[in-house]
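So you can see what is in the structure, the chains are spelled out below.
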Amino acid sequence: MNSLTLGLFYTVIRPEEKWILQAAEARGLAVERLHDGEMTFPLVKNGFKADIVLNRSVSHSRSLYALRFFEHYGVPTVNAYDTVALAGDKVLTSMALQAAGIPTPRVVVALTPEAALKALEEIGYPAVLKPPVGSWGRLLAKVDDREEAEQIIEHKDALASPQHSIFYVQEYVQKPERDLRAFVVGDEVVAAMYRHSEDWRTNAARGATTEPASPNGRMGELALKAAKAVGGGVLAVDLMESPDGLVVHEVNPTPEFRALTGATGVDVAGKILDYVAEAARR
Amino acid sequence: MSSIGLFYTILRPEEKAIAQAAESRHIQLQRLRDSELTFSLEPDGLDADVVLNRSVSHSRGLYATRFFEHYGIPTVNTAGVIEKCGDKVVTSLLLKKAGIPTPRTMVALTPESALKALDQVGYPAVLKPPVGSWGRLQAKVYDHDEAQQILEHKSALHSANHAVFYVQEYVPKPDRDIRAMVVGDALVASIYRVSPEWRTNTARGGHAEAMSPTPELTELSLRAAKAVGGGVLAVDLMESPSGLVVHEVNHTPEFKNVARTTNTDIAGRIVDYATEVARR
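Protein sequence lines, in the order shown, are assigned to chains A and B.
Number 423 in the working numbering belongs to position 264 of the first sequence; there are no gaps in the numbering.
Number 329 in the working numbering belongs to position 93 of the second sequence; there are no gaps in the numbering.
Derived from the structure by calculation, the hints contain no laboratory data.
The structure displayed is predicted, hence computed values, not measured ones.
Glycine is no exception: its CB is placed at the ideal position from the N, C-alpha and C atoms.
Some clues are possibly wrong.
[To be verified] Straight-line distance between alpha carbons at most 25 Å, and here's what the computed DSS-like set of lysine-lysine pairs gives:
| no. | chain 1 | residue 1 | chain 2 | residue 2 |
| --- | --- | --- | --- | --- |
| 1 | B | 352 | B | 332 |
| 2 | B | 364 | B | 409 |
| 3 | B | 376 | B | 320 |
| 4 | A | 204 | B | 252 |
| 5 | A | 301 | A | 334 |
| 6 | A | 177 | A | 430 |
| 7 | A | 177 | B | 376 |
| 8 | A | 430 | A | 384 |
| 9 | B | 333 | B | 364 |
| 10 | B | 462 | B | 333 |
| 11 | B | 364 | B | 352 |
| 12 | B | 376 | B | 352 |
| 13 | A | 208 | A | 430 |
| 14 | B | 352 | A | 208 |
| 15 | A | 208 | B | 492 |
| 16 | B | 332 | A | 208 |
| 17 | B | 364 | A | 208 |
| 18 | A | 334 | B | 332 |
| 19 | B | 492 | A | 204 |
| 20 | B | 462 | B | 492 |
| 21 | B | 332 | B | 252 |
| 22 | A | 208 | B | 462 |
[Said to hold, decoys possible] Residues from chain A that keep clear of chain B, each with C-beta distances beyond 10 Å, as calculated:
| no. | residue |
| --- | --- |
| 23 | 186 |
| 24 | 197 |
| 25 | 218 |
| 26 | 225 |
| 27 | 295 |
| 28 | 306 |
| 29 | 356 |
| 30 | 368 |
| 31 | 390 |
| 32 | 397 |
| 33 | 414 |
| 34 | 418 |
| 35 | 437 |
[Said to hold, decoys possible] Output of the computed footprint for chain B on chain A, the stretches with three or more beta carbons under 8 Å from beta carbons of chain B:
| no. | segment |
| --- | --- |
| 36 | 232-241 |
| 37 | 244-255 |
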């Protein structure tokens with residue numbers, strides 16, 4: 160089955176995508192590059208031949224629409240549309256984690272600025288206010304009291320964006336100055352790391368430093384359960400060490416893995432490619 | 237049957253008619269205002285047997301129905317239907333898949349590829365935001381130059397919804413289109429929306445005229461409603477030179493004009509349908 164063609168749906172070729180291209184070449188897989196800024200999508204399949212599409216677009220909305228079309232054309236995708244839709248939205252992720260019985264921080268959602276203030280008071284301060292869709296910790300706010308809440312909500316309202324009109328309020332978890340990221344591919348936690356930061360947002364993109372962590376034990380078990388709860392695939396599961404034990408707070412459907420590869424030396428791209436090749440043959 | 241939860245933003249004539257229809261059927265109506273509710277991950281005290289979504293906001297309706305369903309409460313329409321109809325891209329894919337005649341459509345994800353999509357569909361073309369109502373920010377684009385200008389303005393909006401480009405062929409039609417109200421398995425009323433403007437939305441000044449549905453209209457609107465998951469839906473159709481085409485399905489339709497023009501008790505039909513869903 161060497162005639163398999165992998166469609167790489169992408170925005171820019173970052174180190175992650177370079178590694179993916181190298182891993183494909185090493186496995187004798189042909190790659191068709193599908194640039195998210197160049198493709199047009201008719202209602203009937205036209206103009207590309209990939210047998211399976213690996214989504215690496217940096218844009219959540221482009222990813223969602225493109226995956227819808229690929230699936231409509233009968234082409235399998237990694238991740239699947241449903242997984243990206245679910246994991247890409249913190250509200251839906253929280254519901255899925257809660258329904259699966261996975262420990263996750265307390266969350267209250269509100270749909271208007273007035274109700275958001277109520278939700279913050281219900282959770283209690285400090286609380287964390289997040290846009291339901293978004294990455295790299297952008298526009299997340301740790302809110303310490305009611306006055307700050309009113310100011311932040313007023314600014315969100317001024318953004319006049321549907322994304323910032325849905326208010327996802329989460330309890331602030333007292334954690335050490337680090338969190339955990341576990342990278343799941345299919346049924347395996349392939350690598351894990353701590354992300355250290357004095358900032359409460361520990362995103363590597365915000366300057367957190369990294370350190371390898373054991374992918375096994377309770378952490379590995381929770382990460383696999385969380386990945387399964389959102390539909391499975393290639394996923395980065397974020398966990399925090401709360402006073403009551405590990406909690407899962409987020410699952411990323413199109414994760415970067417440069418920092419993780421650097422910290423652990425694991426060939427994450429190779430693991431992804433093996434999984435994609437297997438998915439294509441299913 | 238104990239109660240219907242009415243999830244709403246403001247009480248328009250439609251919601252008032254729904255409240256009256258519930259009262260005349262001795263059904264308790266719980267008012268759930270979208271700006272007052274907060275939603276935790278565990279159900280907290282809400283005991284409606286079914287929730288009828290009438291929020292004017294697509295995103296509020298969608299998140300709220302997801303929470304109600306997460307709590308185990310049936311919804312009209314369901315979150316799945318709201319998600320599918322609320323997004324023109326998804327609706328088009330489902331109509332196409334169901335073999336329902338629908339205008340030629342192409343989607344692009346950046347302004348550059350949108351220009352390509354417009355050139356491919358050919359001019360005049362119609363450019364629509366995937367999510368939105370009342371014809372707002374829809375543009376009929378006559379040539380490549382105009383396309384560039386509109387796309388530049390859309391980019392300046394810096395909005396995710398205006399960063400996805402839904403391009404549709406312009407269908408030459410009479411000065412009207414058709415709106416068919418479907419409730420469950422029945423076409424309950426249909427009207428022409430007449431307007432000299434290409435956007436025939438009554439919110440834009442189009443006026444409603446009664447019509448009697450042809451078998452073709454009945455069949456297509458019921459199939460379109462089914463393709464998106466069914467429920468309380470307004471199916472929009474155009475009379476193209478090659479027959480009726482479905483271009484849109486609305487998940488939380490206003491129906492004041494349809495009810496008045498056709499003298500149909502649409503609110504009553506909706507309440508009966510919600511009651512039936514609650515019993516399932």
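Hint-by-hint comparison with the structure:
For a cut-off of 25 Å, the pair hint linking residue 352 of chain B to residue 332 of chain B stands: about 22 Å separates their Cα positions. Of the supplied pair hints, the one linking residue 364 of chain B and residue 409 of chain B holds, its CA atoms being roughly 18 Å apart against a limit of 25 Å. Straight-line distance between C-alpha atoms of residue 376 of chain B and residue 320 of chain B comes to about 24 Å, which keeps the hinted pair within the 25 Å bound. The hinted pair formed by residue 204 of chain A and residue 252 of chain B fails the criterion: a straight-line CA distance of about 46 Å is larger than 25 Å.
Annotation: proposed proximity of residue 301 of chain A to residue 334 of chain A holds, straight-line Cα distance about 14 Å (limit 25 Å). Between residue 177 of chain A and residue 430 of chain A the alpha-carbon distance is near 14 Å, which keeps this suggested pair within the 25 Å criterion. With a CA separation close to 41 Å, the supplied pair residue 177 of chain A and residue 376 of chain B exceeds the 25 Å bound. Taken as a hint, the residue 430 of chain A and residue 384 of chain A pair is honoured in the structure, with Cα atoms around 19 Å apart against an allowance of 25 Å.
Annotation: proposed proximity of residue 333 of chain B to residue 364 of chain B holds, straight-line Cα distance about 21 Å (limit 25 Å). This hinted pair checks out: residue 462 of chain B and residue 333 of chain B have alpha carbons roughly 12 Å apart, not beyond 25 Å. Straight-line distance between C-alpha atoms of residue 364 of chain B and residue 352 of chain B comes to about 15 Å, which keeps the hinted pair within the 25 Å bound. Of the supplied pair hints, the one linking residue 376 of chain B and residue 352 of chain B holds, its CA atoms being roughly 16 Å apart against a limit of 25 Å.
Note on residue 208 of chain A and residue 430 of chain A: the hinted pairing holds, with a Cα-Cα distance of about 24 Å set against a maximum of 25 Å. Of the pairs offered as hints, the one joining residue 352 of chain B and residue 208 of chain A holds, with about 20 Å between alpha carbons and a cut-off of 25 Å not exceeded. Distance check on the hinted pair: residue 208 of chain A and residue 492 of chain B sit about 49 Å apart at the alpha-carbon level, beyond 25 Å; violated. The hinted pair formed by residue 332 of chain B and residue 208 of chain A meets the criterion: a straight-line CA distance of about 21 Å does not exceed 25 Å.
A hinted pair counts as satisfied when its Cα atoms are at most 25 Å apart, and residue 364 of chain B with residue 208 of chain A does not qualify at roughly 28 Å. Restraint check for residue 334 of chain A and residue 332 of chain B: not satisfied, since their Cα atoms lie roughly 50 Å apart, outside the 25 Å limit. Straight-line distance between C-alpha atoms of residue 492 of chain B and residue 204 of chain A comes to about 40 Å, which puts the hinted pair past the 25 Å bound. For a cut-off of 25 Å, the pair hint linking residue 462 of chain B to residue 492 of chain B stands: about 23 Å separates their Cα positions.
Taking the CA atoms of residue 332 of chain B and residue 252 of chain B, the gap is near 36 Å; set against the 25 Å cutoff, the hint is violated. A C-alpha spacing of about 31 Å is found between residue 208 of chain A and residue 462 of chain B, which places the hinted pair above 25 Å, so the restraint is violated. Look at residue 186 of chain A: its CB is around 29 Å from the nearest CB on chain B, clear of 10 Å, so calling it non-interface holds up. Distance check for residue 197 of chain A against chain B: the nearest CB is about 6 Å away, which does not clear 10 Å, and the non-interface claim fails.
Its beta-carbon lying about 7 Å from the closest one in chain B, residue 218 of chain A breaks the requirement of being farther than 10 Å from that chain. Listed as outside the interface, residue 225 of chain A is inconsistent with that label: its C-beta sits roughly 7 Å from the nearest C-beta of chain B, within the 10 Å cut-off. No Cβ of chain B comes within 10 Å of the Cβ of residue 295 of chain A; the nearest lies about 16 Å off, and the non-interface call holds. Under the 10 Å C-beta cut-off, the non-interface status given to residue 306 of chain A relative to chain B holds; the minimum distance is some 20 Å.
Every CB of chain B is more than 10 Å from the CB of residue 356 of chain A (nearest about 27 Å), matching its label as outside the interface. Here residue 368 of chain A stays apart from chain B, with its beta-carbon at least about 32 Å from theirs, past the 10 Å limit. Distance check for residue 390 of chain A against chain B: the nearest CB is about 15 Å away, which clears 10 Å, and the non-interface claim stands. Non-interface call for residue 397 of chain A relative to chain B: holds, since the shortest CB-CB distance, roughly 17 Å, exceeds 10 Å.
The beta carbon of residue 414 of chain A sits about 20 Å from the closest Cβ of chain B, which is more than 10 Å, so the claim that it is off the interface holds. Look at residue 418 of chain A: its CB is around 26 Å from the nearest CB on chain B, clear of 10 Å, so calling it non-interface holds up. With a least CB separation of 27 Å from chain B, residue 437 of chain A remains clear of the 10 Å interface cut-off, as annotated. Using a Cβ-Cβ cut-off of 8 Å, 0 residues of the segment 232-241 of chain A lie near chain B, which falls short of the minimum of three, so the contact claim is violated.
Residues of the segment 244-255 of chain A lying with their CB closer than 8 Å to a CB of chain B number 4, which satisfies the three-residue condition for coverage.
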